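A.B. asks: Protein chains in written order, with this note's numbering: chain A, 492 to 817; chain B, 6 to 513; chain C, 13 to 325.
Since the hints were made in silico from the structure, they are not lab data. Keep in mind that this is a model prediction, so the values were computed, not measured. Check each hint, because a few of them may be wrong.
[What the hints assert, rightly or not] Label-pair restraints from in silico Cβ distances:
1) A/L526 / B/D194: 44 to 50 Å
2) B/G441 / C/L26: 47 to 53 Å
3) A/T648 / C/E158: 54 to 60 Å
[What the hints assert, rightly or not] Quick look at which bits of chain C chain A covers, simulated, 3 or more residues with Cβ under 8 Å:
4) 137 to 148
5) 260 to 273
[Said to hold, decoys possible] Example chain C residues on the side facing chain B (calculated, C-beta under 10 Å, incomplete):
6) L113
7) N204
8) T206
9) A207
10) F210
11) S211
We put the CB at the ideal spot given by N, CA and C, even for glycine.
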Amino acid sequence: MSTAAATLRFHRSRTRRFLSDYGQELVVLGAIVLLFIAVGAYNPRFLSNTNINSIFAGNAYIAVAAIGMSMVIISGHIDVSVGSLIGVIATIAGTLAVSGYPIWVAWLVPILVAMAINTVVGALVAYTRIPSIVVTLGMLSILKGGLISATAGAWITDLPADFMIAQVRIFGIPSPVYFMVALTVVAALFMRYTDFGRAIYAVGGNLDAARAAGLNPEQTVVGVFTLHGLFAGIAGLLFATQLQVIQSTVPPNLELTVITASVIGGVSILGGTGTVVGSTLAAILFATIGSALIFLNVSAYWLRAVLGLLILATVLADMARRRRSV
Amino acid sequence: MRADSQSASAISLSHVSKSFTGLKVLKDVDFDVRAGEVHALLGENGAGKSTLIKIMAGLYQPDEGEIAAEGRVVKFATARDAHAAGIATVHQELLLFPELTVAENIFLGQAPKMACGVLDWTAMRRQSRELLDVLDSPELDIDAKIGNLSVANRQRVEIARALSQKARVVIMDEPTAALAESDVQRLLDIVLRLKARGVGIVYVSHRLPEIFGLADRVTVLRDGVRVGTHHIREVDESSLVSMMVGRVIDRLYPGKVGASGQTVLELRDLSYRSTVRNISLDLKAREILGIAGLVGSGRTELALTLFGITPATSGKILLDGKEVRIDSPETARELGIAYIPEDRGLQGLIRSQTIAENVALPNLDRLLRGIFIDIGRVLMLARETIAKFSIRARGPNQIIRELSGGNQQKVVLGKWLSTEPRILIMDEPTRGIDVGAKAEIHQLMRKLAADGMAILMISSELPEVLGMSDRVLVMNGGRIVAGFGEGEASAEAVGAAMTRARSSMDAA
Amino acid sequence: MNATLLRHETVLALLVCLALASLAFLSERFFTPENLLNQGRLMSEVGLVALAMTFVIITGGIDLSVGSMLGLSAILLGVFWHNVGLPLPAAIVLALVCGTLAGLVNGAIITRFRVPPLIATLATLALYRGLAEGISQARSVRGYPEWFFFFGQGEMLGVPFQLWVLALATIVCAVILGLTPFGRAAYAIGANETAARFSGIRVDATKLWIYAGAGLLSAIAAVIFVSRVTTTRSDMGTGLELDVITGVVLGGTSIFGGRGTIIGTALGLILIQALKNGLALSGVKGDGTIVVIGIVLITAILVSAIIDRSRGG
Chain A
492 MSTAAATLRF HRSRTRRFLS DYGQELVVLG AIVLLFIAVG AYNPRFLSNT
542 NINSIFAGNA YIAVAAIGMS MVIISGHIDV SVGSLIGVIA TIAGTLAVSG
592 YPIWVAWLVP ILVAMAINTV VGALVAYTRI PSIVVTLGML SILKGGLISA
642 TAGAWITDLP ADFMIAQVRI FGIPSPVYFM VALTVVAALF MRYTDFGRAI
692 YAVGGNLDAA RAAGLNPEQT VVGVFTLHGL FAGIAGLLFA TQLQVIQSTV
742 PPNLELTVIT ASVIGGVSIL GGTGTVVGST LAAILFATIG SALIFLNVSA
792 YWLRAVLGLL ILATVLADMA RRRRSV
Chain B
6 MRADSQSASA ISLSHVSKSF TGLKVLKDVD FDVRAGEVHA LLGENGAGKS
56 TLIKIMAGLY QPDEGEIAAE GRVVKFATAR DAHAAGIATV HQELLLFPEL
106 TVAENIFLGQ APKMACGVLD WTAMRRQSRE LLDVLDSPEL DIDAKIGNLS
156 VANRQRVEIA RALSQKARVV IMDEPTAALA ESDVQRLLDI VLRLKARGVG
206 IVYVSHRLPE IFGLADRVTV LRDGVRVGTH HIREVDESSL VSMMVGRVID
256 RLYPGKVGAS GQTVLELRDL SYRSTVRNIS LDLKAREILG IAGLVGSGRT
306 ELALTLFGIT PATSGKILLD GKEVRIDSPE TARELGIAYI PEDRGLQGLI
356 RSQTIAENVA LPNLDRLLRG IFIDIGRVLM LARETIAKFS IRARGPNQII
406 RELSGGNQQK VVLGKWLSTE PRILIMDEPT RGIDVGAKAE IHQLMRKLAA
456 DGMAILMISS ELPEVLGMSD RVLVMNGGRI VAGFGEGEAS AEAVGAAMTR
506 ARSSMDAA
Chain C
13 MNATLLRHET VLALLVCLAL ASLAFLSERF FTPENLLNQG RLMSEVGLVA
63 LAMTFVIITG GIDLSVGSML GLSAILLGVF WHNVGLPLPA AIVLALVCGT
113 LAGLVNGAII TRFRVPPLIA TLATLALYRG LAEGISQARS VRGYPEWFFF
163 FGQGEMLGVP FQLWVLALAT IVCAVILGLT PFGRAAYAIG ANETAARFSG
213 IRVDATKLWI YAGAGLLSAI AAVIFVSRVT TTRSDMGTGL ELDVITGVVL
263 GGTSIFGGRG TIIGTALGLI LIQALKNGLA LSGVKGDGTI VVIGIVLITA
313 ILVSAIIDRS RGG
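Build the full structure now, drawing on both the sequences and the hints.
C.D. replies: Next up, the structure:
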């Protein structure tokens, strides 16, 4: 075979490999672009600054939470309590802020609390072999009840201006966008280029093989949950400072939105594969669809149904793709 | 045994004992491996081989005795310690990560790093390529996902991993059990290459021909005790078998009694997609029809089509001359067909349930009182099965997981025979079973045939095929490529048909 | 296997007695017939769905969409009666049919397309809730005739109607699960689906029945719910799946499948309801009880796991 042909073959197979490894992420990216083009053509106000702002900045916290969730799912576990956790974190942060504590305390303490709570969850999951869905189900109850107790339904208002981290703008772009992009990039690099990042994939891919390879699966699982707490904490902060008030509830089914973002983004619920870039893109896709529906004059009440159909379509396509490659 | 050379062994175990929950699994065992030698480890299931190699690999700690690596006494608290001492294992159930690439699998946990501490993927890929070249596997793509590779290739990745750990001792646990004939040859070549590099190899296998081809020394374990260690030149097959079993087995393959009966099953041009192609055969009562072939030749696929798991896409099945359509295992069972599966643990039994529950499962609709299950009859059926097949168990309520491999296979047999089938399809009936239980199962098969059963036996062990079958069919690439009547089959002819090149057949 | 199960149910039964005793001690109003019967009324909806969920989880699956199926059935009930103008009995039957169909769709996605149940029902949770929201456009339906309220608020022989329904359903489910081939098939599928298939069990058919059953019971619960609160709204049943799963898991059903009993589920639900009520009566706020339930769940599972481990399980 001539060298030219051989080189061409090599590059073509590299491209094919790239497409098959990152297929899901590319599909999601493509869908986002398609939507922007299509809806933007139909209604140019879709592409206005305010709207783009609300799409990217308003939902950045979901993407940030999805980073941690993706890591947990890749390691072979799941967390159904993250929605309530975000609510609790937001409330703690707001309460600290209005009670006169220094701003860095109001930022740092909630994140540490989130990490602490999730470390406990991770330890329970790793060392007692109780399935993570059961442990986090229990934690969901505890956090939900705790949230209602603590807030007694009241909203927190009069938040100090310098607390509002989500309102900060750099070069006209709201800070949540920077958080989302920066954290995604850092997390992606971490997952690819560090021993611990690869350990997460290993433990989720084949627990026995991980142990036989000399890894410590229990430590990895606890570590993953702690990291997840870090991202959930940051997400909680962003959520808390988006509006001028902190509500006593979080959007319903928030944890399921976060989980779905991971799954649509290419993280397999079976563990061992997927990327954080994918879940961020998927979170952006959801926000885009939500906004698109409004601009297409579709009743907002159909949004949930559309999302449900989208998830179904993605999953069915994924299953079909898996069946073909087997 | 005195060591021939003065240098210390790569690894040696002295007076090692180990117990689990009160049961002594290893008793005062000595074992050592020298650099550049292949030391075979033989023994029936339950003899203690697996425990011994796990102690060497650092997964278990011995209760008594000590381990020495190159003369120095060591303690392996974890698998990591064993790795550090140069002990690597190629497992029977390959411990790899299906979603990760070949390169990453080789270097997981020990990846080359760049100066700043991050993973150096370029170095990883380069070194993987080098290792695979040592193993003469240039066609193996280092960026491929393990999940997409064949068993043989996955095994090569595990061996490459052992090499990457600068292993001085490689433990191979039943490496050829799941390989096709051509891959077995390549593996044996690899073992010889490792040997030439000075690596000591512990070779655990049931396949005596391979052991005679590869090993320098052989150690036999029986019931946790070392029966003997010999140079391979000093022993032959029957002496090894006696050491393993403690008695002489003469009737491993009982012969046929009486003539065959009527044709009960006939297949005409049966196909399933592209894995089963135009199969035509007939099966008579009271005979054992052996189906030989390499892994991947379509034999199990044929069985699954006959049993209704993957119903035929074209062709005919005739039972007693009448055409039938088998579209589910339930239908197959009702027609009197039973399938003893290849993978006993996954397909044959529910290991977390009891003997009674397992035996009752295919018979539920016949153990009823009204619409309710009759527990009395369920237990009675289980007791009958245990008695009829001499299953060593505490009772019908014992959990399958606690039984030995041979007894578990007997439960599978008993379960299906209780459905009173007329046709029995047995897929690798004695795989992974020790010699003693093997003989029992073969006796049973003969008795069933003599009593009228028609048996279709799929086996990858040529001696078993030649020893047990009345007639032999050979499958290759989904088709039947050769058939041998009573007394016509020979090892050469059958072996040749099994390995005939694919291209010459597709032309046919 | 039987012995281990009995262990968990025994522990649970003891816990239930302990809880009932201490709550009776804490508040005089707890152990009165009227309070107990009222609690029975309140737990009927969760109870009915939990019966179906027991089967689902025993086969190794899960159904996160039950709350959405309840909401959708409720909305459809209102739509069929109010908007389409069907007579109420027909609307009720049709709503039950639709609920069953929704469950059947779940089953089809899981069996035909091999989508893992967690993801499949995650998707339908959103889809069915979305349909409920879209169809109702957030409008609620009121004005049902008097006789309709009997289901949710009436009594027979002094006992609330839905409690009779729940009791009957519990007995039927317990019999099916424990004493019939269908029940054995469910256990087998959960313990080892491949082996069950290879043993001649009709795996796909069994699963379809079970998921359809979840849909049907969710719809029945919806009818009772609507009858109790006299209105239909699209957010009904939100969060139901978590209450139900908590009750089932607390009752000893393993999330991995292959183990579990109806009795266990019943005990688990009674424990949760008793805690909720007892704590409320002694002055603890509603949210506090949710916290307690979360702690009870984790503790119960931990204890059960430890007992399992010590028996060499």
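A.B. asks: It remains to establish, for every hint, whether it holds in the given structure.
C.D. replies: Status of each hint after checking the structure:
no., hint, in the structure
1, A/L526 / B/D194: 44 to 50 Å, "violated (56 Å)"
2, B/G441 / C/L26: 47 to 53 Å, "holds (48 Å)"
3, A/T648 / C/E158: 54 to 60 Å, "violated (45 Å)"
4, 137 to 148, "holds (count 10)"
5, 260 to 273, "holds (count 3)"
6, L113, "violated (25 Å)"
7, N204, "holds (4 Å)"
8, T206, "holds (5 Å)"
9, A207, "holds (5 Å)"
10, F210, "holds (5 Å)"
11, S211, "holds (4 Å)"
In summary, the structure is inconsistent with hints 1, 3, 6 from the numbered list given earlier, while agreeing with the others.
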